[in-house]
Structures are given as C-alpha cells and as structure tokens.
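Participant: Each chain, letter by letter, is given below.
There are 6 protein chains.
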Amino acid sequence: MADKGLFIDTLPHDGVVTFLALVREKELKPKRNGGVYLHLVLADRTGELDAKIWDSPQETSALFDRDDIVKVRGTIELYHDRPQLIVQRIRRCEQGEFQEADFCPASDRDPDEMFAELRGFVESVADANLRVLLVSILEDADVAGSLKLAPAAMRVHHAFRSGLLQHTVSLCGLAEAIVRRYPRLNRDLLIAGAVLHDIGKVEELEVSRRLGYTTRGQLVGHVALGLEILERHTARLQGFPVELKTVLQHLIVSHHGELDKGALKQPMLPEALAISIMDLLDARLEQAWTLIDQAPKDEEWTVYAPSLGRQLYRWPQGEAARVFAGSPVAA
Amino acid sequence: MADKGLFIDTLPHDGVVTFLALVREKELKPKRNGGVYLHLVLADRTGELDAKIWDSPQETSALFDRDDIVKVRGTIELYHDRPQLIVQRIRRCEQGEFQEADFCPASDRDPDEMFAELRGFVESVADANLRVLLVSILEDADVAGSLKLAPAAMRVHHAFRSGLLQHTVSLCGLAEAIVRRYPRLNRDLLIAGAVLHDIGKVEELEVSRRLGYTTRGQLVGHVALGLEILERHTARLQGFPVELKTVLQHLIVSHHGELDKGALKQPMLPEALAISIMDLLDARLEQAWTLIDQAPKDEEWTVYAPSLGRQLYRWPQGEAARVFAGSPVAA
Amino acid sequence: MADKGLFIDTLPHDGVVTFLALVREKELKPKRNGGVYLHLVLADRTGELDAKIWDSPQETSALFDRDDIVKVRGTIELYHDRPQLIVQRIRRCEQGEFQEADFCPASDRDPDEMFAELRGFVESVADANLRVLLVSILEDADVAGSLKLAPAAMRVHHAFRSGLLQHTVSLCGLAEAIVRRYPRLNRDLLIAGAVLHDIGKVEELEVSRRLGYTTRGQLVGHVALGLEILERHTARLQGFPVELKTVLQHLIVSHHGELDKGALKQPMLPEALAISIMDLLDARLEQAWTLIDQAPKDEEWTVYAPSLGRQLYRWPQGEAARVFAGSPVAA
Amino acid sequence: MADKGLFIDTLPHDGVVTFLALVREKELKPKRNGGVYLHLVLADRTGELDAKIWDSPQETSALFDRDDIVKVRGTIELYHDRPQLIVQRIRRCEQGEFQEADFCPASDRDPDEMFAELRGFVESVADANLRVLLVSILEDADVAGSLKLAPAAMRVHHAFRSGLLQHTVSLCGLAEAIVRRYPRLNRDLLIAGAVLHDIGKVEELEVSRRLGYTTRGQLVGHVALGLEILERHTARLQGFPVELKTVLQHLIVSHHGELDKGALKQPMLPEALAISIMDLLDARLEQAWTLIDQAPKDEEWTVYAPSLGRQLYRWPQGEAARVFAGSPVAA
Amino acid sequence: MADKGLFIDTLPHDGVVTFLALVREKELKPKRNGGVYLHLVLADRTGELDAKIWDSPQETSALFDRDDIVKVRGTIELYHDRPQLIVQRIRRCEQGEFQEADFCPASDRDPDEMFAELRGFVESVADANLRVLLVSILEDADVAGSLKLAPAAMRVHHAFRSGLLQHTVSLCGLAEAIVRRYPRLNRDLLIAGAVLHDIGKVEELEVSRRLGYTTRGQLVGHVALGLEILERHTARLQGFPVELKTVLQHLIVSHHGELDKGALKQPMLPEALAISIMDLLDARLEQAWTLIDQAPKDEEWTVYAPSLGRQLYRWPQGEAARVFAGSPVAA
Amino acid sequence: MADKGLFIDTLPHDGVVTFLALVREKELKPKRNGGVYLHLVLADRTGELDAKIWDSPQETSALFDRDDIVKVRGTIELYHDRPQLIVQRIRRCEQGEFQEADFCPASDRDPDEMFAELRGFVESVADANLRVLLVSILEDADVAGSLKLAPAAMRVHHAFRSGLLQHTVSLCGLAEAIVRRYPRLNRDLLIAGAVLHDIGKVEELEVSRRLGYTTRGQLVGHVALGLEILERHTARLQGFPVELKTVLQHLIVSHHGELDKGALKQPMLPEALAISIMDLLDARLEQAWTLIDQAPKDEEWTVYAPSLGRQLYRWPQGEAARVFAGSPVAA
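Chains as they are written, first to last, in my numbering: chain A, 1 to 331; chain X, 1 to 331; chain E, 1 to 331; chain U, 1 to 331; chain L, 1 to 331; chain B, 1 to 331.
Bound-form chain A, shown alone (with noise of 0.2 Å):
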C-alpha cells in the first residue's frame, strides 16, 4: 500500500508535496494565448485542492478519470489567494494502493463487524417466519453488498459509506432499549421495522466514490424499493402469512409518520409509531454531533443547517463547560 501521504487539510501553502488524492473534476481548459491546459480538483475526506498540469495536458489527462485515485507531485502556490497545486508527476493508483476510507467519509465502525451484529439482531427474532424473512434478505447479494457500503442519506444524516447500516445497527439498538421501557411494544416488530424501514436505500443510493441517487432511486424512492425487495421474498417464503406481510409493508410506508414528509399512511400500530420516532431520534443525534463536530474549535454554533432550518448551539464544549462546575456533565 502506498503512503497516503499528506490529508489536504493539512498541507503547507507552499513547496514541494507528494500525497494520494481522488479525482473529483477533470477539464481541457484554453490557455489565454493559446492551447490547453488540464485543471483538476482533487480531493480526500477532508477536503479539496485545485490543481493544474502545464506540460502535456492532453496525454496526461487520458492516463486516468474523474473518480479514480492518484498519487500526485507538484509544487503548492497561491493564486487569487487560494492555494493551487502545479503538478508535475502524476499517475493512476491500482486498488490496494490505497484505502477507500481515505477518500471518501466513512463510517468509524467496520462495515463487516456491524453486519455481523445485524445478523445477530435478525436471528434474535422469535417469530420462525419474520426471522426467516430476515434472514433472507440479508442473506440476497445484491441486498448485503450495497447495504455495507450504502449512506442512509445524500447529505442530511449518516451520509458516509456504511452509513444506512451504521443507522440499521443503531436502531436495533435503540429498539432494544426502548422494549425494555415499555414492554407492551412486539420486539420482534420493532427490529424488523428497523431492518427493513430504509432497506430501499441500497437501490436508492450510488456505493461509488460519489454520493448519489440512482435513476431508479429519484424516480421511485426507497419506499417503493423497499416494497419491491420484500415483496421478492416473500414470495420465495412458501406459506407467509399475507396479515404479517400487511403489518411490515406497513412499517414501511409510515416511517416518514407524515403524508407531507413521504409517508404513504400515518402509522398505526404502536410499533409503526415508535420506528417513526426513533428513526428521527437516530437521524436527528447523528446529524447534530456531525455538525457541531464539523465547526471550528472556538465556535459557538454550527453552520447553518437547511435540512433542519437552524444552527445548533455547541455548549458545553471546551472551557464553557465549566459552567457545570465541579461535575462532569459535558462528555
């Protein structure tokens, strides 16, 4: 594996620098006083950098594409007072040269390890044929290929890779917790909610380099997706009761709780009701800390959020915490 070298967020504004990048643009641009030159913006997970090639633009520009990963050696300087990279070498990286997650923000947790503890939620389920339905699902390759790499959402919450079964796991989690508050709630209803609420992601979401809707995705929605996807096990499922299959196409089009937000019908079941709100507790938490992460040290509130209509208040972070004084309320 080659040596990522240096993250962007971290170069200098000037001098020589060698690291491994992904191609975001890639462009024949007219020099003023004649021919071309390559412009190029590269990118990692923590930023993006413009970059031009002077000398043989047009072959270099054929030796890799938009997407893909390359190491790159160039001399940093300013021009309009934004740092640009001048390059000099530049060439494609083969796969195992380097780390995916460099290049793309990922999920902290391991896609395999979470799926594991999925399977693990999904084979906890008592009921024969809801585990079974469970367990076939996630045992169809197209289903559990895109469901370790699938975002659960384009930008406003989990929108890494791994993110919709970082969001999965998480909710079976919470499912588990909150059964054990009101017990009444069905626990197998509420991780088969959960496993199945989003499950139209994998087609509705790009796994690539790029985050993105598929065309099936933007004309149908994970709803109708996630629809589809049951209704094609269940119908391998000799014998699935046609009541239990109601009650989980259910969980699907009510998670959204409102006909204005996406739902089809309001949930009515209680169980429809609590994956309602904890898939909105869930979301709502990861959005939060992502942004207040995101902001800088000293900053009192996060960047303006249109997904939510608001900034957040970052208290009590750093020395405002001691407001608290004496304990340790702020983590």
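FYI, nobody ran anything at the bench for these hints, they're computed from the structure.
Only a predicted model underlies this, so the values are computations on that prediction, with no experimental measurement involved.
Careful, some of the hints might be misleading.
Chain copies aren't distinguished; within one or between two, either way the pair holds.
Stated by the list, open to error - In silico EDC-like links for lysine to aspartate or glutamate, alpha-carbon gap of 20 Å or less:
1) Lys71 / Glu48
2) Lys4 / Asp67
3) Lys29 / Asp55
4) Lys4 / Glu97
5) Lys297 / Glu243
6) Lys297 / Glu113
7) Lys26 / Asp298
8) Lys29 / Asp50
9) Lys148 / Glu206
10) Lys4 / Glu100
11) Lys71 / Asp55
12) Lys4 / Asp112
13) Lys31 / Asp14
14) Lys26 / Glu258
15) Lys26 / Glu94
16) Lys26 / Glu59
17) Lys29 / Asp9
18) Lys71 / Asp108
19) Lys261 / Glu97
20) Lys71 / Asp110
21) Lys261 / Glu176
22) Lys26 / Glu299
23) Lys71 / Glu231
24) Lys29 / Asp14
Based on these hints, arrange chains X, E, U, L and B on the given structure of chain A.
Facilitator: For chains X, E, U, L and B alone, coordinates are given in the frame of chain A:
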C-alpha cells in the same frame, strides 16, 4: 325474479306496501313497557326507511341478516313526522330473485362491456413487453373479478359498484383524445398509466353490498397494493426490462401529483404529469355531475362537498339556461 | 368508607340500585304540567347516567352541589331506549367515605411512589447547581402538591389524575435508557428536561374532579408558566450560572419541536432535540395503548383520534396474534 | 434584409466574425489605467456574449441603445477562459434588416395563422351573446395587437413571443377534444374560458424585446385586468345578460383553481373545473418539453425547475428508448 | 305603527301573549292522526320561538309568507321543556306598522347619519379626480341604497344591517387618526381605500331580512364586484388617469393582505399596507366586543369563535376589574 | 472631536483622501510573490470600501481591532473596476473623537429625548400597580441602558441603533390615537403592551457596532426574555395582583398574533388584539419607507424584500405624483 316493487323514494306516506329491500341495520330494542321489538333500517339504491316488527321479534330476527335482501310487506305510518314501516311479513330473498344493482348505487354501464373495452385498449398497446404485462394483469382472476365490482373511491368520485372500471376505461378514452392533441406523448404509457394507477384499489376497497376499506387497504393503501400487483406480474415475465418497470412504478407512485396528496414522488415524465392531471379531470367531473344530479330540481346550489371544500353551481340548469337566448348551450 | 356499590357500566337495565356517584350536572327543569323536577347527570370513572328527582326537587337540590360525591338509591328505567335513574334517596358523601380514584380516571401507579422515584432521579444529577435547583422545585409545596394530581393533558395523552407525574417519571427512565445508547448526551440535562419541560402544567390544568384549563393556563400556557417557576427558583439560588439557566429555558421553550406546534425556538442542542423527541414517543405510546384498551374486544380498529388524525390498528390482539405462528410475539 | 450571420451558440472561439445581435446591456466602464471603455452584452435567441469597445467608446455608445439590434464585426478572444468579442465595427440596424424572432425566443407557429384559428373557434360559438362578446374582444385593437405578441408567462410556461396566443389556441383545441369525451360540458363556455382566462396578460406582460411585468401587471395582475377587459366590452353590448357575465367573471377569477394559487374563488361549475385543469395540463406539458429540449442530448435529467420543485426525466430519449424493444413507443 | 309588544327573549313561559314577529320558517306538517298543522318559526332581533297553528292551517298559511312580519296572539306552553306558542290569531303587518330594526340585528347608528358622515370624508379628499370618482360612486343609487343596508359580513364582523356602512365610516375616522401619526401616508388614498375596499359587498350580500350571499357574490366575490363598480364609474369620467385607477384597483385587490386570505396581490404601497391592517383592526375589535357582549354576565370566557380559532377573555369586566385597584382602567 | 471627513458614498474615484471609518473586516493575506499584506473593509453609515496596506502590515495590524474607528489617509484606485484604498497612514481613534452615529445606522431621533417621552407615557398610566411596575422596569439600569441603544430587529424593521426605543415610543403614540377612536380599549393596557411586548429585545440583540443576536437571544428569544424581566420586577413589588401579571404575560406571549409567527397564545383580549395589530402596522410602515428611501430616485420599484415576499411600489414619488393633478397628495 321477484318484482322489486316500489323504490323507497316513491313509497306513499301511508297505506300497505310490498317491496324488496336491503337490510342495512337490524337491532332488537327494549320496549318501554317491557319486552323487545325488532328495529330495521331498510334500503335500496334510492334511499332508506325505518321499520319496526312488533310480533315475534326474536324469531323473525333469526330469519335474515344485515346485508341480506328481503321481501317485506307492511303499513306506512308517520312517526315524529317521518314515515316508518310497521312490518307484517318479511322473508329473505335468494340469489336470483333480485338485481344487485337495485340495492346499491352502481355504474350505468355494464361491467362486462366496459371490461371488453378496456381489454381492447390494452391490446392496442404497441410495445410488446408492456402489452403482455397488461394482458397478464387483466387475466389475473383476482384482479379481474374485483375490477368489475370495485368502486373507485369510498365517497369522493365514482363511489359506486364498477366505479373503478368505469374510471379506468374513461381515462383510456381520454388518453386517446389527449395524445391526438399532444402527439409527443407516448400513447402506450398513457394507456398503461390509466390501467395501473389505481389498480391497487381492487384490494383496497371491499366489493360487498357495503362500500368500505379492507384492512390491507387501510394499512397499506392502493399505491403500495398496486406496486405489489405490478411486481407479481413483472416477476413472472422473463426479461421484462427493469427500465420499463421503473417507469411504470413511477406512474403509480406519482399519480396523486403532490406529496401531501399521497404521492411518493412528484410526476417527472410528461406522461406522468398527463396521467395525474387527467385523473383529476375525470374524477372532478364525475363528482360534479353526481352532486348536481342529486340536488333538488329547483336548487341553484348543490350540497356542500367536504372533499371539494365548496358547493357547486348548477347553472345553466332548467329555465335559467334560457339566458343563452336562442342557442343550444346546455345539454 | 362507604361501599362504592356497582360501577355505572355494570348497572342492570331495571330494578332498584344503590351506589356512589359524582354529580356532573345538576339542573331544575320545568315539568310539562307545571312545577319543576331535578335533573342530574351522575358519573364515575366508568361512565355516566341520567337521573330524575320528582319529589321535593328544590329542597333536595340544596343538599349537594355539582362535583360532589353522593350516595344514591333509586330505580332504573328505560326512557327513549336509554336507561335513567328515578331517585328515591340521595345524600352528599363526606371526604373519607369514598376513594377519589373511583370517580375520575387516574394513573395506575401510586402518586407518592412515583414522586419518590422522581426525587431519586433528581438526586442522581451530578451537577450541583442543577441538582439543587431541581430539588428546590420539587420541595416547593405549590409545585409538588399539584404535580401529584395534575394530568399531563386535557385529552390527548396521560389525560388522568397524576398523569403529569407519570409522564415525567417515564421520561426520566427513558432518558436513562437513551443516554446509555448515546453516551455523548448529557444525562443531567436530559433529567432536567424531563422534569422541567411540562412543569408549568401544574398551573395550567386544574386538578379538581373536572379536568380543565385554569385562566392562567389558557391566557399564558404551560411554557410561560414553566419559565416563571424556573425564574422564581433560580432567583433564590445565589450565583446560579446564567448560562445554565439559559439552557434550561431553552429546553422548556423548545420542547414542542416546531414553532407551529407551540415551540418558541426550535431545539438547538442535541439534548433539546432528544427531549423533544422522547416527549413525543412517550406521549404517543401512552395515547395509542389507551385507545387500544378502550376499543371493544373484537374490533380491529380503535375509534378515530382527532389529535392523531387517524384510527389505530389493534393487531396483533387476541386470536389474530397467532399469525406469528408458534412464537411469543405479542405481550 | 441583412444576413443574420452566425448564431451566438455556433461562434468559433477565436478569429474574426460578423453577425447581428441584440444589445442586452450597455455600460461605460473605467479602464485601470484611466479613461473608459464600452462594455456590451450581446444576445440572440441562442445565447449571450460579452463584448468590449476600446476605441471612441463614448462616441460609439451614442450610436445605439439597449434593446437595439446591431450589426457587429470583431475578434473573438478568451478572457478568464470565457470567449469575449473585441469590437471593431458596430452599427444600429433598422427595422426590416432583421427578423425579430432571431433575437428572442418565439412561438414556432405564425401569430397571424394562430389568430385566424382562434377567430374560427370564436365564430363557432353557438350562443349569440357570447359569440358577439368574444368577437368584440378579438377585434379590440388594443387586445389583438398584444395578444399576437405577448408571452403566456415570464418564466414558467409559454415564456416566449406569442406564447399567450399559442396557449389560448391550444386550449381551444383541447376543449374540443374534451367536450367530445364529456358531452355534458358546455362547449361555448369552454371556448369562452379558453379565450378569457388569461386575456388580462395582454396588459400584464410587456411585449418588447425584454419579457417583463408592466406596472399595472405587477400592481393589479392579469385576473383583475381580464375582468376590466370583460367589463369594458359587456358594457358596450346592449342587454348582455348579467347571469352570463357573472359566469364569465367566475371563469376568470377561478381559473387558478385554489385561493393560495391566485384564485379569488374555487371553480364551482363543471366548466370552470375543466378550464382550470385543462389550463394546468397545457401549461405543464409545454413547460416539460421545453425543459427536456433544452437539456444536453446525453443528460438523463433536465435542470431543476423551481416552479415545479423538481427535475424532469427525459426517458425515453435517444438510445434508451429501445427498452421498448421493437415497438414505436417514443415519437 | 303597531305596538311591537314583548321581545321574544322577555316572553313569559306560560299565558297569553300578543306581539309582532318575523316569520323565519313556515311549513305544513302532517299530524300523527291524519290531517296537517302549520308549523312556524317566529323571530325578532332577540331570538326565536316555535309556533303551531292547529285550526284552518292551510287557509292561514295562505295569508302570509316567509320573511313577512306578522302580528300574532296565542298561548305559550312548554313542549319537550322548550316554550312554544299555540297561535290563536295571526295576520300580516303592512309596511309602516313596524320598525325593520326590531326584527334583525342592526347597527346602533342611524344609516343616514353615517352616510352623511361618509359623504363628508369623501368631500374632504384633496385630489379632484379622486373626489369626483368617490362622489360619483356614493351618488350611484344602486350603490348608495345597498350601502345603507348591507352588513359587512355574513358572520365574522359587523354582521348586521348597515354594518358595511358602519365599518366604512369607522375606517375613515381611523384613517384620519393614523395619518396624523404617520404624516407620510397619503390621506386621500386612505379615504379612497376605506370607501372602496369592501364596496363590492353591496352586491355580494343580500340586504333583505335574511343575511345571505347573492349568486353573484358566491360566484364572483366582493373583490371582483368592487372592481366592476370602480370600472363602471371611471369609464364615465373623461380623462381619469389610468395610473390612479391602477392604484385604486390595487387597494381593492390587495386589502385581504395575503393570497391565501383572498388577496390577488400583496399590498405594495404603504397606503395599501395601512388599509389592509386598519381593516383587520376595525373588524377584529368589532367582532371581539360583540362576542364579549353576547356572553353571559358572569362568564369569564366568550363562546369559541371559529373564524378566530379561539375564545376571548372578558377581563376586566365587572367586579374583576377591581384588580386595577383604585384606578379607572376599564370603561 | 476629529473631522469625520467625507462619507464613503461621496468619495472620489481617484486621488488622496483622509476620513474616519469603522474597521468592519481585518485580515492578513499572503501576497502572490511571498510575504503578506493587510486587507481591510472600512465602513461608515453610508457604505463600505476595500483597503490594502502594503507597508509593515503586521505591525500596523497590531494597532487596531475589528470594530474600532480609525482615521485613515490613502489613495483611491480602481481594481477590477471597483474603487479601493491604498492606505498610507492609519491610527485608532479614541472615544470622543467621533460620533457613533456616523458609523452605523441610527434613529433620526435623540435617544434621551425618546426615553423621556416614553417615561411620560408610563407616568400617565392610571392604575397604580401597573404604573409602578413600568417605572421600575424603565429605572432598571440593565434595561434602560440597552433600551436606548438596541435596534428593534436585525433586519426587518427599525434595524438601527435606538430602533427598539423608537418603535416603542411610536406604539405609545399610536395607542393614544387608537384609544381615542375606540374608547372601550383600556389605555393603561395598551401603554403597558407597547412598553413590554418587545422589552426582551434588550437582551436578545447586541448593541455594539455590529447588530447581532446574543447567545441568550438565539436560544431563548425575546418573548421568554421579556417574561423574565417582567417576573423579576413583579417579584419585587409586594402584592402585585397575579391577575394583572397574567394579563401582562398574555400581552407578551401573544403579540406575534399567530403560533406559526412565534406567538405562544393567540391574542384573547381586545387590547392584546390591538397591540398585535398596531405592532404590525408600525413595523410594516417603517420597513416600507426605509425600502422606498433606499431605492434609487428614478426606480419605480424597491428591491425585493425577503421578509415581505415582495417589492414595494414607490408611487407617487417625484414627477409621477402629478397624476394627482393640482392637489397635494404626496408629502
């Protein structure tokens, strides 16, 4: 077949009458001075009538059930200024003694004739994949049987036996007219949208003598049930193009137009826009004329329609139509 | 203590009965042939019954008031097909002759026990300032007395005696469960939010035998009344940090989540988001099970709940639960 | 007529060119080293180009105005990677030297031909009062002149020269198709609604080379301006029935369908419902195809359309259309 | 003039009475034992009373119509605990025998006096064009006659005879007060806005003994009817400046403030903003005091007002006003 | 006091200038060829200007801070067609050398004079309890100091130094005018509402040279902060009637009118309705004239105001005002 006798809206306000009716309500009630009597609500497609049975109420009650058709003979009286029937004879009618259509509102058109017309539209679809799919759905006994009976809605529009079929056929005809005006529209997709957009209603609405939602209908809704039918049939067709399935799913999930009206996605194809708007046009016009026809002859305004949030104006009805002096403005 | 006698929902439909009841309505009405009679509506926690007193109505009326508990003896009759009581003897009961809980719905749990549990949560708060403040509020006789009696709402959820206390204690327990799943959350703030978010309801809702808004409650609301209680107690505590007061005020003013639902500010701290969502979860689940338990045993659906805009589905209740073949799905 | 020369979207990126263009912007700007130069934005219906005049800028500036058509000769250069024109010769063109349609987007159809078609529809109206009224409006020089030029909207749909007329004629044709499917609809009223619903736009939108609202349009809007035109013409017609005027006013004030979309009244006649929905259909389809046609050939999606709140899907365009294997699905 | 006799809210509950009343309802109903009787609802501005005529019902019914004023003599009885009148003598009253104001709620102020005051405001307008226009409208017999009688609304505010005139005059006075505080406001436009904003109500609301919408009112609304009146009068005035007409039209179409409240345009002039807000103030205060005055003396709260979505608080009424110890806070 | 020198909007586009300015931004930036320069944004109440310091940038940067007032001398140049200042001399000004009002927008009126006027209104309150309370608040140094400086809003209306005080005094005057037209309104409550409704803004908005929300303002808002001030002062007054406090709290929590606009309760008293509507009137008119005065002289329309969702029309400004021929319509 027994003689239906008078329809309820033409019964005299006194005297002895004999006629056939649907038993909408049946209840044993205590008499003031002890003992019980049998209280009925009788109905046909023209209205309702209270009835009382004083003799042998318990034995008589055992002879028929709610939703049965009965032949009844009795005397009409006024009670609290409203007519009621004092029953002297009553018996359950057998299948064959009556016409279903006399007892609940039904389409003016013959279901088999409409189904044949629909079949014709489906067979005119040019694309082979799409034609085979639609034929497969119409030949599905579970679908076809219900489609001939189901209403298109509980209340708002086409709320009568075979209303769904009538609405579907009407949309096919409208599609044909629209595609002639806008030849860039894809006729095949418009026909497919007309057939599929509400197809889930065959499982959403009960097709007995009493309009009502099924449990599946209430929990899952006709959009998800329509997706299920589509999935079932595309799964059977080898090599059905996933791009085409995606577009058909889009037509189903987008046909309510806006999220807060029950769409999962806004229409994103010209054909999806057209289906959604044509659906609105056909539903609104049917509803409008039903309201207008139900209003008393000399009323300028219909009753208030909660689903529209308004009354409708009946002009130019009857004499007022002469405003259009000397010309054939109104039908 | 006097014997309660039969509850109203188990009274026979004729014969002589003796039982204790709350006087919900009391009115002298003119008889058709001159003179007056006394009309009552009697109630207990199971239902209501009309009653009439023909003898000495005016003298009898002077013996008790609306909202008194009375011991009554009389004969049940049917009138317009509904039972009513013709009273022969009636007298006002004294405090000690009856149990309050028989006459209005109340929490299943003992208020003192719940209060002790709440006290335990408050004493476990790590931050000294916050702990002293919360203890100060719970030791405030005006607050504590009402807190043991007040409902959490007029209608929607926990709409019974001690409902506010039950909701508060439930949220504290939920906070503990949530903080274990999300250890970045500040446990002290969650406990504080659970205790304070609805504390103004001790002045908003009347805690007599008749649930109702106080004048202050209707004009000012529990958010502002909660702020007032907080201000009163922080003013007494020397050197209470204004930053901490600000955060507590924020928890109160933001707990309804959105402006159009009664929040002055959207939640801007992870803990404020959590409080707002946990509040929703506890309220919705309590409301759901109340609706489910009130529905007749064989009904698949609850009544329509206007505050939810829907009916709830009671599955898997009773026999239908066997769909989950051979496994303990439902409690 | 002068030769138009190349359209802006086909100009080379260097070399000397001569062509006709509209002057969209014109401004004298200070040079860095003192003195001024003349900055222009040139446009035709295919795009825009920056231009600079270094010699005699003030004298040249006096030769033409914003919104004039000019004949220009100069050298194309790249500046900040964008092409710009260094002007050597420029002169104002006279009426007759150019075709208006080359310089702003315009209907594909000839205005006079469309106007004749509209006249035909109006003359086919059966009711004499209505026919005379509509003819009177079309013969009003103020109306007719503008109607031939005005767009139907600033941005959303038919946002081009003669767009209003094209939309009006299209609706008349659609009315004819619809009335054939729904013969209870009054054809006269549909034609009247098509002609009148947007007639106020002849005063709302400016019909110069620059689409824009008039002051009257912005302060009063096309609904009120349409009512004004209707009032002016009915006032001239002796004995025009007030009932008919009322219905025509209703068609105008209700055609936006809902109050929050600009209707003063919801549609209350079947014909008013139909006009409002047909208007939506024609507007949406025109807008959809314009978006689709403006998108680059290989893009699956159009740009985001703010007025629709979505992107549109361009399927089945080009090769992807072969999904419909072997059949003529797409035009 | 005949003596009105007792008002309905002061009638005794038994005995023989003679008084004048409005016939609100009149219907022949079948008697239980055959034959018919005449059922009436009698009314005056203080309330309603059921009445029955047993003798010669058909002949008697022919003597008067709904909405006539009658002189009636009969015996009061209690029926189902409500008083009713058994009529012995009844006859139609002629114009001149009674005062209109006794039979429907009416303004406290004399219409002619208010009209004179309004005339004074109009004549004080400084701009000649505007003054001539407003005078022309007030001298239009169709307008003036209705203006003296029409209510300002069916229910919400000034819902009584001459309410529109009272509201208009009140706004003129308010305009004068406001312009003194904000001298940049144009007094002429404020007076014009006060007079014109609701002028269409003279055709929208019926000015008979029964408040109600006219057909034109329901189909077209007072905004469009006001524009029509304005157009009719400006058309008669040679050289009336179109800019001024435009601003007046703007005042009319914008006075509801927001599109979803019935405005075609939001107010875009300071004077239009002021008219819209002053209109709200005058309407809300009149409505508030009506609600407060209608509530029983000892009630702290008024009835729930659906148009406001709330009850109003009556403090400081009566004794409670002493809270303001020793000072004249309440009128 | 130093001479302010030219205001920024009157500076020449070249030559040497000397003037006083506020330092809005200050940043050391790298030069292209190595080393750094000091970049400033200078401002006064008329506008902003970029400035660069090439000599001894680091030493110079240490001499003053952001938000200081400086005296600066330099040469104006055009850079990218915009003027900038090359600084030759710069020094920090001391308090006393300048007038605060020159550097940020401020009320036209003197704060002390307005405060005295407000004091006069407060002393005219008839009710002793209320008068003592209001005086107590105005004598609270924390309140009074901020009240003289605070703006009434960040952007929407009265967004300038002492704007809150100006708005408060203006509402008191308006209250006086309104109470004269509607004598049933309680003058004391109107004055109290004018003083208290926005009083929390003294802690919500920062009163430095930079308008901005405080942390408390953003987390808690001026409604809750106003309640806190009220509670602090009523707690000090022995025997202040709780009924009166409740009404004052109601005026504060209801003054935004509707829940979705930030009210906790809708106004339920005539005086609360009046306060809420008068507040709207004063805010809208101030905002309207500010927009109108900021627009260029010959523009018919103001800029688009996002908080209003519209542009405003500037008629009748300047020459167009002559439409009102021969009469003094516009100020």
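Participant: How do Lys29 and Asp50 come out at 20 Å by Cα distance, when the copy is not named: within, between, both, or neither?
Facilitator: both (13 Å within a copy, 19 Å between copies)
Participant: Using 20 Å as the alpha-carbon threshold, which applies to Lys26 and Glu59: within, between, both, or neither?
Facilitator: within (13 Å within a copy, 42 Å between copies)
Participant: Could you figure out if Lys4 and Asp112 sit no more than 20 Å apart (CA to CA) within one copy, between two copies, both or neither?
Facilitator: neither (23 Å within a copy, 63 Å between copies)
Participant: For Lys29 and Asp14, with the copy left unspecified, which applies at a CA distance of at most 20 Å: within, between, both, or neither?
Facilitator: Only across copies: Lys29 and Asp14 sit 14 Å apart there, 24 Å inside one copy, limit 20 Å.
Participant: Is it within, between, both or neither when you check Lys71 against Asp110 at 20 Å Cα-Cα?
Facilitator: neither (26 Å within a copy, 60 Å between copies)
Participant: Since the copies are identical, ignore which copy is meant and state whether Lys26 and Glu258 lie within 20 Å (CA to CA) inside a copy, between copies, both or neither.
Facilitator: neither (42 Å within a copy, 38 Å between copies)
Participant: Up to 20 Å between alpha-carbons, please classify Lys297 paired with Glu243: within, between, both or neither.
Facilitator: Result: close only across copies, 19 Å inter versus 53 Å intra.
Participant: One pair to classify: Lys4 and Asp67, alpha carbons no more than 20 Å apart. Within, between, both, or neither?
Facilitator: within (16 Å within a copy, 43 Å between copies)
Participant: Within a copy, between copies, both or neither: which one fits Lys148 and Glu206 at a CA-CA cutoff of 20 Å?
Facilitator: within (12 Å within a copy, 42 Å between copies)
Participant: Cα distance capped at 20 Å. Does Lys26 pair with Glu299 within a copy, between copies, both, or neither?
Facilitator: Cα proximity of Lys26 and Glu299: across copies only (18 Å, versus 35 Å in one copy).
Participant: For Lys261 and Glu97, with the copy left unspecified, which applies at a CA distance of at most 20 Å: within, between, both, or neither?
Facilitator: For Lys261 and Glu97, neither the intra-copy (43 Å) nor the inter-copy (51 Å) Cα distance is at most 20 Å.
Participant: 20 Å Cα cut-off: does Lys26 pair with Glu94 within a copy, between copies, both or neither?
Facilitator: within (19 Å within a copy, 46 Å between copies)
Hint violations for this structure: numbers 6, 12, 14, 18, 19, 20, 21, 23, all remaining hints satisfied.
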